[in-house]
Amino acid sequence: MDLLANLTLGFQVALSLDNLTYAIIGVVLGTAIGVLPGLGPVPTIAMLLPLTYTLPTEGAVIMLAGVFYGSQYGGSTTSILVNIPGESSSVVTCLDGYQMARRGRAGPALAAAALGSFFAGTVSTVLLAAFAPLLSRLAFQFGPAEYFSLMVLGLIGAVALAHGAILRAICMILVGLLLSLVGTDITSGGQRFTAGLSGLFDGIEFVALVMGLFGVAEIISNAGRSNDRELVTKKVTGLWPTREDFRHMTPAILRGTALGSVLGLLPGGGATLSSFAAYALEKKVSRRGRDFGTGVIEGVAAPESANNAAAQTSFIPMLTLGLPSNAVMALMLGALMLHNIQPGPQVITSNPTLFWGLVVSMWIGNGLLLILNLPMIFVWVKLLTVPYRYLYPSIIVISCIGVYSVSNDVFTIILMAGFGVIGYLLLRLDCEIAPMLLGFVLGQSLEAYFRRALLVSDGSFSVFFVRPLSLTLLLLAAGIMIMFAVPAFKKKREEVFQEAE
Amino acid sequence: MRRTIRKEVLASLLFVAVGGTFAVASLNHPIGTAASMGRGFFPLCVGAILLMLGVLMLIRSLVVPDRKETPLSVDLRPLAAIVASIVAFAVLLPWAGLYAATIATVLVASRAEAGFNLLPAAILGFGLAVAGHLSFVVGIGLTLPLWPSILQP
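Protein chains in written order, with the working numbering: chain G, 1 to 501; chain V, 1001 to 1153.
Any given hint could be a false lead.
Unchecked claim - No farther apart than 20 Å at their CA atoms in a straight line, the calculated lysine to aspartate or glutamate pairs in the EDC-like style are these:
{"hint": "1", "chain 1": "V", "residue 1": "Lys1007", "chain 2": "V", "residue 2": "Asp1066"}
{"hint": "2", "chain 1": "V", "residue 1": "Lys1068", "chain 2": "G", "residue 2": "Asp430"}
{"hint": "3", "chain 1": "V", "residue 1": "Lys1068", "chain 2": "G", "residue 2": "Glu432"}
{"hint": "4", "chain 1": "G", "residue 1": "Lys284", "chain 2": "G", "residue 2": "Asp245"}
{"hint": "5", "chain 1": "V", "residue 1": "Lys1007", "chain 2": "V", "residue 2": "Asp1075"}
{"hint": "6", "chain 1": "V", "residue 1": "Lys1007", "chain 2": "G", "residue 2": "Asp430"}
{"hint": "7", "chain 1": "V", "residue 1": "Lys1007", "chain 2": "V", "residue 2": "Glu1069"}
{"hint": "8", "chain 1": "V", "residue 1": "Lys1007", "chain 2": "G", "residue 2": "Glu432"}
If you are wondering where the hints come from, they were derived from the structure by calculation, not from laboratory data.
Next comes chain G alone, as it looks inside the complex (with noise of 0.2 Å):
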C-alpha cells in the first residue's frame, strides 16, 4: 500500500533523533507561549523564523507546526485557569472551562481540553495524510488562470469568514498586495517603490514585516495596562474526569473535530472560528443547552477539539496549493520559500521526506503535549505567574537580535519598529491586520500567475472565464461577495462571533 510505505517514511523522519528534538523544542515553546496571554503563535514564530535558517529544512518546519499545534493545547490552560484567553481560539473555551475552575473542577476541564485535542489531532492527521495527495493530483491541472481564480477565491473567502469590516478587510489585503511589490521584480529585474532604499532592493523583509505587525503593535497595545491576572486555584488536583463527565464530552468532542476539520480546510478558517462555531453547535444540539457558561464540560472540549482539529487541516491547502488560510499558514509559507521550498502540488512528490516527516511528527507532537498538558500541568500553571512586564523587554529584544540576523543590517529592526506602529495603528482603527500579511505573501505569486496567464492568451482577459475550472473559482468567489451583501446572512455571521462576548 502506497499510503502505509508513505506513513513508514514518514516515521523514519519525524523519529530521528534530530527531528524529535525539533518536535519537543516546538511543543515546550507553543504551549509555553499558548500559555502566556499577550504572546500569539504569529509573533513567536516570525521571532524563531530567521533562527531556523540554519536548520534542515524538515527540521525547522516540524519544529514551527509543532510551536503552533502546542499554543492550541496551552491556550486552554490560561482560559480555564484565569478566565484571560492565552490564544484568540481560545476565547470561548474561558466560557465555561472559568466556570468549571470556579468550582473546584479544574482538573476535568483541563483533562476534557487536553483529550478532546489529542483526539482532534489525530483524527486530522489522519486526513491530512488521506486528503492532501488527492487534493494535490487535483491541482496538478491547474494552469497561470487556474492559479490566479484560486488565489482570489482564497484571498476573498478569507476575508469572509474573518472577524470584522469586510469592505475594510478587502482594502487591507489590497495594501498587503502593494507592498509585496515593493523591491525588484522578478520578471523583468527592475527596481519598483524602494524609495531609493537599498535595504529595500531585495523586497520589505518578510520577518521585519510579521514581528513589527504582530509582535510590536501587539506588545504597544499592551503594555502600559497592568493586566492582573488572578489564578482561581494555584493547586490543580483531581484530573481525571468522572464517567458522567465522559458521557457528555464524548459526542461533543466527536462534532468539534468535525467540524473543526473541516472549517480548517476553508479559506478564513483556521482554529478561532473553528473553536466559536463549535461551542454554538454544541449549545444549539446539546440538551442542557441553557446551561452553557456555567461550567458544562461540552463547552471546553468541543471547542478545543474544533480549534486543534482546524489547527492541523488548514495544513492541507497551505502544503497542497499554496494557498493559505489564515495567518500562522501564511507565515509556514514563507518559512517553506525561505528554504527555497516552492509550496504546491509538487511538494508532496518532490519532497515527501518533508511531508511525510512533517505528517507523522504532528502526531508524535500531539502525543506529546498530552504528557506535557497533563501530567506537567504544574510547571504551565507556575509559568503564568511571570508578569508581562518582564516579559515584554525580552520579546522586544529577541525579536530585535533575531531581524538583525537575517540580513545583518539595523535598517531592518528600524523597519520592523515602522511597521509596529503601523499595525498599532491599524489595531485602533479596526482593520484586521491578518488578512494584509496574506495579501502580502500572495502578492507576487499573484502577480506572476496575472501575468502568465495574459501572456498565454495573448491579452485576452477572456481566459479566466472561459476556463471552466478559473470560472468555478471565480464564482465561488462572487457568490461569497454576493452572500455579504444579503443583510440576513451578514447577521447570522455577526451572531456567530458575538455570541461568546
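Using the hints provided, position chain V relative to the given structure of chain G.
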C-alpha cells in the same frame, strides 16, 4: 460635543493615500500591454482598485456613519517608549555592542509601564544580554558585536 477623529473616515483616507501613492508611482515604470506587461501594470491595477474602494468607503462613512463606532484612542506613552526602545537597539548595536544595546533597550521599553522602576529594568536588561550572548552568539553562532568598538583591540 467633542470633536473626535472617526476611525472609518481615517481608515478610508489611509486606503486612498496608499492606493493613490502606488498607482501614481506605477506610472514611472513601464506599463506595457495586457499581453506583455511591464512592471507597472499590476501595481497600477491594484493601486487603482484600492483607491476606488477607499473613496467608496469614505463616501459611505460620511453618508451613513456607523453609530456604534467608538472614537479613536491612541496610547502615546507605550507607543513612544516601545518604538524608541527598538530604535535604540538599532542605533547602539553596531558600535556599542550587544550588552549596552540590550540594557538601553530594556530601560527605554520599561518606560511604557508606569511604576516599572529603573533598577529592576536594568537587572532584567543585563540578564537578557547574558542570555542573548549565550544562546545566540555562543549557542547558534550568530555574529553580533558584543562590546563597544572602541574597547576592541
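Straight-line Cα separation of lysine 1007 (chain V) and glutamate 432 (chain G) no greater than 20 Å? 13 Å, holds
Given the hinted pair lysine 1007 (chain V) and aspartate 1075 (chain V), is their Cα-Cα distance within 20 Å? 15 Å, holds
Hey, lysine 284 (chain G) versus aspartate 245 (chain G), does the alpha-carbon distance stay inside 20 Å? Since the Cα atoms of lysine 284 (chain G) and aspartate 245 (chain G) sit roughly 19 Å apart, the hinted pair holds (cutoff 20 Å).
Compare the distance between the alpha carbons of lysine 1068 (chain V) and aspartate 430 (chain G) with 20 Å, and conclude whether the hinted pair is satisfied. Holds, at roughly 13 Å.
Does lysine 1007 (chain V) pair with aspartate 1066 (chain V) here, judged by a C-alpha cut-off of 20 Å? Roughly 10 Å between the alpha carbons, so the hint for lysine 1007 (chain V) and aspartate 1066 (chain V) holds.
Checking one constraint from the list: CA of lysine 1007 (chain V) to CA of glutamate 1069 (chain V), max 20 Å. Satisfied? Distance ~8 Å between lysine 1007 (chain V) and glutamate 1069 (chain V) Cα, so the pair holds.
Restraint check for lysine 1068 (chain V) with glutamate 432 (chain G), where alpha carbons must lie at most 20 Å apart: Holds - the C-alpha atoms of glutamate 432 (chain G) and lysine 1068 (chain V) are around 18 Å apart, at most 20 Å.
When you check the alpha-carbon spacing of lysine 1007 (chain V) and aspartate 430 (chain G), does it fall within 20 Å? 8 Å, holds
When held up to the earlier numbered hints, the structure conflicts with none and fits them all.
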